[in-house]
Amino acid sequence: MKTRWLRLAAVSAVALTLAACGGGSGTTPSGKPAAVPSIAMKQSIGKGEGQLNLVAWAGYVEYGQDDPKVDWVHPFTKQTGCHVNVKVAGTSDEMVTLMRTGQYDGVSASGDASLRLIYGGIVAPVNTKLVPNYADVAPYLKDAAWNSVDGRMYGIPHGYGANVLMWRSDKLPTAPKSWSVVFEKNSPASGHITAYDSPIYIADAALYLKAHNPSLGITNPYELTQKQFNASVNLLKQQNTMVHDYWSNYLNEVHAFKAGDDWAGTSWQVIANTAQSEGAPVKTIVPSEGSTGWSDTWMIASHAQHPNCMYKWMNWIASPQVQAQVAQWFGEAPANPKACAYTEKGFCQTYHVKDYAYYKRVAFWATPIASCGNGQNNCVDYSKWTQAWTDVKG
Amino acid sequence: MTTTSVTDRPEAPAGPTGHRLSALLHNRPGLRLGGLLAGPVAWLGVVYVGSLVVLLISAFWTIDTYTGALIRSFTLTNFETLFTQSVYWHIIGRTVAIALAVTVFDFLLAMPMAFYMAKVASPRSRRWLVVAILTPLWSNYLVKAYAWLVMFSNGGLIDWVTKPLGLGNPGLSTTATVITLAYLWLPYMVLPLFAGLERLPDSMLEASGDLGARPWYTFRHAVLPIVTPAILAGCITTFSLSLGDYIAVSIVGGTTQMIGNVILSNVGSANNLPFAAALAIVPAVIMLVLLAAVRRTGALDAM
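As they're listed, the protein sequences go chains A and V. Using numbering that gives the first Met the number 0, you'd call the opening residue of the first sequence number 0 and step up by one each time. Using numbering that gives the first Met the number 0, you'd call the opening residue of the second sequence number 0 and step up by one each time.
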């Protein structure tokens with residue numbers, strides 16, 4: 000028995016030595032690329048290649064797998080001859096990992112993944128002239144920080160939404176107008192607060208401090224210097240003592256609000272709709288400080304094997320009819336406001352489509368990187384956000 | 000000799016290759032044994048130990064924080080972060096404490112249950128009791144965890160029971176996590192204890208009583224030495240299952256974090272596989288230390 004332990008230890012030691020030695024030869028250079036890799040964009044679209052491989056969020060590429068009536072893939076295949084294969088990803092990071100394999104033609108990336116894809120040379124700029132429906136996309140989604148670099152679009156906007164403040168109207172008699180109800184010590188909802196379980200939630204605290212602590216000088220909640228970052232993390236640590244639970248699965252949040260365990264917290268409109276339809280007295284608001292939000296973009300891989308089909312897909316998904324189907328199925332605002340002609344009555348009001356003033360107050364998720372907008376290199380990058388998030392939860 | 004026997008009888012109905020193979024195996028026991036063990040050894044060596052070695056190696060790599068690409072060069076950065084930041088010590092400490100609490104709780108519940116089943120109950124009701132212990136295993140882990148979520152929720156079953164008694168509801172908390180995990184892993188404690196106690200001859204209890212031992216003395220000096228391996232088997236299983244859990248705690252734990260949650264967030268949201276690997280080594284080391292300690296007591300030999 001003893002010798003066996005020794006032998007195992009010896010094998011591990013040898014393996015470790017091998018790994019340490021082998022590492023030296025084939026390392027990828029670390030450090031940050033000075034500029035965006037220059038990748039040519041397509042100048043014309045040819046005939047479809049017959050296949051298309053996508054990485055997408057659940058609910059974005061429906062071919063009848065969840066509900067036979069919900070299907071915008073088969074009509075696409077019928078029109079273009081491109082057979083669609085979809086790989087559903089659960090997180091932005093999974094998307095980045097999948098795209099790095101080089102086996103996919105396109106991805107429905109959120110803002111917290113897009114810059115990593117762009118700077119990593121994984122996706123190519125999109126020639127928007129080849130996507131006729133791009134002209135109809137809401138102007139405030141074009142050339143934005145989360146989908147473009149240096150004025151070049153890296154994808155076609157898909158849909159977006161705000162992280163709203165949701166509260167139980169029976170438990171909180173006065174309707175909150177500020178995020179202070181989830182951050183400040185004397186909150187009436189203390190002990191019944193919920194927060195989004197992701198490092199990107201640090202931006203919510205930064206957005207609050209942007210309004211309430213101007214001396215910190217926060218301009219963009221995704222571009223934080225160490226001092227601003229520390230202040231945001233400290234606010235979240237203060238919040239942690241009042242938090243009932245952190246949610247990442249939206250059904251858990253629906254349950255917590257329905258049961259009355261949670262009284263206030265960040266949420267999505269689709270969660271509020273579900274909770275209301277199940278009888279929970281909840282209301283939502285974009286508070287005075289504004290809110291964070293998400294905006295997804297279809298991006299094309301720089302080494303796409305079926306680029307023509309991908310361009311056809313981007314145009315297809317941006318068309319008004321398909322936009323209406325996607326937005327209603329997923330519960331988000333369609334990037335193309337013309338979709339409102341095809342949605343159910345009242346849908347576009349609920350999601351504030353065309354309401355520019357509403358979305359102007361939404362800071363859409365973007366990837367925190369070291370290089371800030373001010374040209375300096377002193378911002379806190381996403382890996383530190385992740386570690387800080389573990390620290391916040393303790 | 001084998002070849003001649005085959006050529007001597009060319010009209011043999013069995014296929015010549017099959018024949019030759021069986022003859023070959025018959026004459027070479029080493030080959031026979033090798034062929035038999037090749038599959039299991041490959042599984043143990045390549046799939047089981049191999050994946051652990053890969054885990055160990057990748058713990059010394061890092062990722063490019065900008066593009067998320069793996070950097071395959073040896074560094075101790077991950078372990079430095081792990082050991083210098085107090086939050087990871089807190090999480091490791093909490094995880095071990097939860098696992099210990101679950102193990103103790105389960106042991107205290109399971110010992111009388113197993114003793115009753117093995118020694119007191121009639122053979123007929125014993126069968127039914129085993130079925131009752133096993134029944135919860137038929138339903139899915141997630142279903143049971145969500146059932147506890149509903150019970151711990153505001154206005155749930157626990158509120159309904161505790162409120163008239165003037166007691167509080169633990170809500171979604173570390174306490175709720177311990178209770179849920181203790182429920183989930185109870186069968187894994189009861190079954191080995193039951194099996195161990197069943198092997199204990201009734202005559203020993205009677206002999207101990209006849210010689211004037213009081214119940215506690217009998218338990219301590221007659222029962223315990225014999226069922227110790229069973230107790231350790233149950234405790235190791237319960238402890239290791241709790242140590243690695245991250246799903247139940249994310250459902251009923253509220254803000255509680257365990258090692259598994261941090262590993263998951265590093266695999267999922269942070270895409271920092273090397274750091275996740277470094278973290279994953281922690282429970283593995285805890286288990287190795289524990290098993291080594293158990294081995295010293297000699298209990299593993301009797302298992």
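Please keep in mind that the hints were generated in silico from the structure rather than gathered at the bench. Positions of the beta carbon are idealized from the N, C-alpha and C atoms, including for glycine. Be aware that a few hints might be false.
[As the list claims (entries may be wrong)] Distance ranges between label pairs, derived from CB positions:
1. A:GLN320 - V:TYR47: 24 to 34 Å
2. V:THR16 - A:GLY120: 38 to 48 Å
3. A:GLN237 - V:LYS118: 51 to 61 Å
4. V:SER124 - A:ASP65: 41 to 51 Å
5. A:ALA57 - V:VAL284: 51 to 61 Å
6. V:PHE82 - A:GLY216: 42 to 52 Å
7. V:THR74 - A:GLY120: 19 to 29 Å
8. V:VAL160 - A:GLY372: 53 to 63 Å
Pairwise beta carbon distance, ALA57 of chain A to VAL284 of chain V, judged against the given window 51 to 61 Å: Roughly 37 Å apart at Cβ, these two residues miss the hinted range, so it is violated.
Supplied distance hint 24 to 34 Å, evaluated on CB atoms of GLN320 of chain A and TYR47 of chain V: Violated, at about 53 Å.
GLY120 of chain A and THR74 of chain V - C-beta distance against the hinted 19 to 29 Å: holds, 24 Å
Supplied distance hint 51 to 61 Å, evaluated on CB atoms of GLN237 of chain A and LYS118 of chain V: holds, 56 Å
Cβ distance range 41 to 51 Å for SER124 of chain V and ASP65 of chain A, holds or violated: Hint holds: Cβ distance 47 Å, inside 41 to 51 Å.
Verdict for PHE82 of chain V, GLY216 of chain A (Cβ pair) under range 42 to 52 Å: Because 35 Å falls outside the window, the suggested range is violated.
Whether the CB-CB distance between THR16 of chain V and GLY120 of chain A falls inside 38 to 48 Å: violated, 55 Å
Distance restraint hint 53 to 63 Å, applied to the beta-carbon atoms of VAL160 of chain V and GLY372 of chain A: For VAL160 of chain V and GLY372 of chain A the Cβ distance comes to about 56 Å; the hint holds.
Hints 1, 2, 5, 6 from the earlier list are contradicted by this structure; the remaining hints agree with it.
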